[in-house]
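Student: With chain A's structure known, arrange chain B on it following the hints.
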Amino acid sequence: MADVILRDIVKSFGSVTALRGLNLQIEEGEFVSLLGPSGCGKTTTLRILAGLEFPTSGTISIGDRVVNDVAPAQRDIAMVFQSYALYPHMTVAENIAYPLKKRRIPRGERTVMVQKAAELLQLTELLRRKPRQLSGGQQQRVALGRALVRDPKVFLLDEPLSNLDAKLRSYMRVELVELHRRLGRTMIYVTHDQLEAMTMSDRIAVMDGGDLQQFAPPNTVYREPANRFVAGFIGTPAMNLVDGELVLSGGDWTFRTGNLSVPVPPLGENAAAGPAALGFRPEHVRFGEGPIEGTVQVVEQSGHENIVVAKFANDLRITGRAPAAQVWKPGEPVRIRIDTAEAHAFAAGPNGERLNRPRAAA
Amino acid sequence: MKFTRKLAFNLFAWAIVLAVAFPLFWMLVTSFKPQFELFRRPPTFLPETFTLEHYWRLLSGTNFMIYFRNSAILSTVTTLVVVAIATVGSYSLVRFRYRGRESLAFIVLFTYLLPSVVLIIPLYLMLVQMGLSNTILSLVIAYSTFALPYALWLLRSFMAGIPEDLESAALVDGASRLGAFRDVILPQLLPGIISTALFAFILSWNEYLYALVLVNSDSARPLTTGVMNMLVSAFNIEWSLLMAASVMMSVPLIIVFAFLQSYLTRGFGAGGVKG
Chain A
1146 MADVILRDIV KSFGSVTALR GLNLQIEEGE FVSLLGPSGC GKTTTLRILA GLEFPTSGTI
1206 SIGDRVVNDV APAQRDIAMV FQSYALYPHM TVAENIAYPL KKRRIPRGER TVMVQKAAEL
1266 LQLTELLRRK PRQLSGGQQQ RVALGRALVR DPKVFLLDEP LSNLDAKLRS YMRVELVELH
1326 RRLGRTMIYV THDQLEAMTM SDRIAVMDGG DLQQFAPPNT VYREPANRFV AGFIGTPAMN
1386 LVDGELVLSG GDWTFRTGNL SVPVPPLGEN AAAGPAALGF RPEHVRFGEG PIEGTVQVVE
1446 QSGHENIVVA KFANDLRITG RAPAAQVWKP GEPVRIRIDT AEAHAFAAGP NGERLNRPRA
1506 AA
Chain B
35 MKFTRKLAFN LFAWAIVLAV AFPLFWMLVT SFKPQFELFR RPPTFLPETF TLEHYWRLLS
95 GTNFMIYFRN SAILSTVTTL VVVAIATVGS YSLVRFRYRG RESLAFIVLF TYLLPSVVLI
155 IPLYLMLVQM GLSNTILSLV IAYSTFALPY ALWLLRSFMA GIPEDLESAA LVDGASRLGA
215 FRDVILPQLL PGIISTALFA FILSWNEYLY ALVLVNSDSA RPLTTGVMNM LVSAFNIEWS
275 LLMAASVMMS VPLIIVFAFL QSYLTRGFGA GGVKG
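Chain order of the listed sequences is A and B.
Position in the first sequence (from 1) plus 1145 gives the number in our numbering.
Position in the second sequence (from 1) plus 34 gives the number in our numbering.
Hints are computed from structural coordinates only; laboratory data are not their basis.
Heads up, the beta-carbon is just placed ideally off N, CA and C, and yes, glycines get one too.
With the C-beta cut set under 10 Å, the calculated list includes, among others, these residues of chain B facing chain A: (1) Ala204; (2) Leu205; (3) Val206; (4) Val218; (5) Gln222.
Only some residues are given here: those of chain B computed to face chain A with a beta carbon under 8 Å: (6) Pro197; (7) Asp199; (8) Leu200; (9) Ser202; (10) Ala203; (11) Asp207; (12) Gly208; (13) Ala209; (14) Ser210; (15) Gly213; (16) Pro221.
Pairwise CB distance ranges, derived in the manner of DEER restraints: (17) B/Leu45 / A/Ala1311: 55 to 61 Å; (18) B/Arg135 / A/Gly1174: 42 to 48 Å; (19) B/Tyr132 / A/Gly1494: 36 to 42 Å; (20) A/Ser1280 / B/Gly134: 40 to 46 Å; (21) A/Ser1280 / B/Leu143: 40 to 46 Å; (22) A/Ala1311 / B/Leu143: 45 to 51 Å; (23) A/Pro1382 / B/Tyr132: 43 to 49 Å; (24) A/Val1155 / B/Leu212: 27 to 33 Å; (25) B/Phe37 / A/Ser1315: 55 to 61 Å; (26) B/Glu136 / A/Ser1307: 28 to 34 Å; (27) A/Glu1172 / B/Leu212: 32 to 38 Å; (28) B/Leu147 / A/Thr1204: 48 to 54 Å.
With the rest of the complex left out, here is chain A (with noise of 0.2 Å):
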């Protein structure tokens, strides 16, 4: 069953648009990332959620209710904030407490709730303390604590680790994780941190200036990107975009670009021949040998692998992940292989659609 369902939300600022008819339809207890730049309206989609924001037109329901007219107090909903929003002049216990205060639970069954939340974070040594004596880790697990304290229908969870350091946010994503496995509710997760939620979401919502680009499981959003964008936004280094065209000879593709020419896996029905481009990993370029003649530039060190980035004809820069064992030095020539089996094929322009045959049914 559908818990979380927007349909053909509109959200403008004045002469801005926000969000351009968003369809999302996210089902009970799962978890699922809005991903996306800056300004790709995912945090709009989260506060017009929670009832902070208002659509411009479109409806949301939560469970079986639509609630656009329901105040966020009555929408069943928790929210972590990015900045955490803890009431400054309240203790740790009493900023857990308010969502309980609130519904007017007794002051007695509060202080139980209120304890087994602070037991399940491990804050309750940090009961009686102001925030402000607080470490961010600390804070961000007391924005947490009065969340989930009342067993809300729906988490909603505004960028909640960016403000941790890189040990601690690696540390809370899997006790993310594991609290949502433990709760079973539905959370919505808005990050633009791309391992956040490829590591924790059952789904991804890719969401570039107001649009849904792609809503699927993190491998299919990795390995089947929707269309040009989500190619080259998810995935670290980013996948190689070649701009050139697409030629069909004998019922075989191929990808030319200047006096480069390789083979393409089978398209589907929507490719055409004519302006294209190709999309690669840099896991999928092989170093060392191959029919593609250049030269290093840059090569990056990570310790388990080198990130090389190579020059080639017609100003062609191609990046690739070579094993650390092999050495390579700037200007060096270099020869590589492109892995086309896994390569892909993009209709032209910067939201160009992908034009793989599907997985299935190739």
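Tutor: Chain B in isolation, oriented as in the chain A frame:
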């Protein structure tokens, strides 16, 4: 070189402190001197005979207590009115989006830039027409009109420093808009409210010109004009009573300051509260 500069700086600073503090000190000692000691030459630095007779005369034989009561009511009510309106007003200016919001804020500031003397006649005529002349209420209205613009701007900057997320969080946590305002905004705004209240209170406690023009019956006079009227005439100034009255007029302000000065410096210094 360094030492002499430091010395010069210190001397200079102390000279200023002395220039400010000495009149206050002189006011205090004069109020405790008997009448015959006031004009003695050379003057006595500390009272040779210590007396409380001026205070006694002020409290028992004059209208001082009525004026004091009037001033207390006047300043308290003005402060309450100003803080209440400025709090709600600044909330509107910061949180709600509507046309002309910024220009409204600037018009309000502009009214504060007008010299209050310019407004005194129109205000007087309006208050007479409303049948409010010679009442404490007329002064409350007058003081509110010129304390409000500044109060509004002061509170606006405090309000802008309160993260909007805090209010959003309260709304999601189950509070109504008014509930969020009471539970989250007001406590955060407290330093700003205290600064504003102090400003309004001191302004209405010390105001002289409007009180002189708008009120001329003893039942409604505040301390400033009341004391002047009572003790200063064309032929005689009752110095000792005047000094005793001045001391007593300063006491409430000193008490208020002593309790709230830490908030005041915190308030004017930083408008923001970290979330």
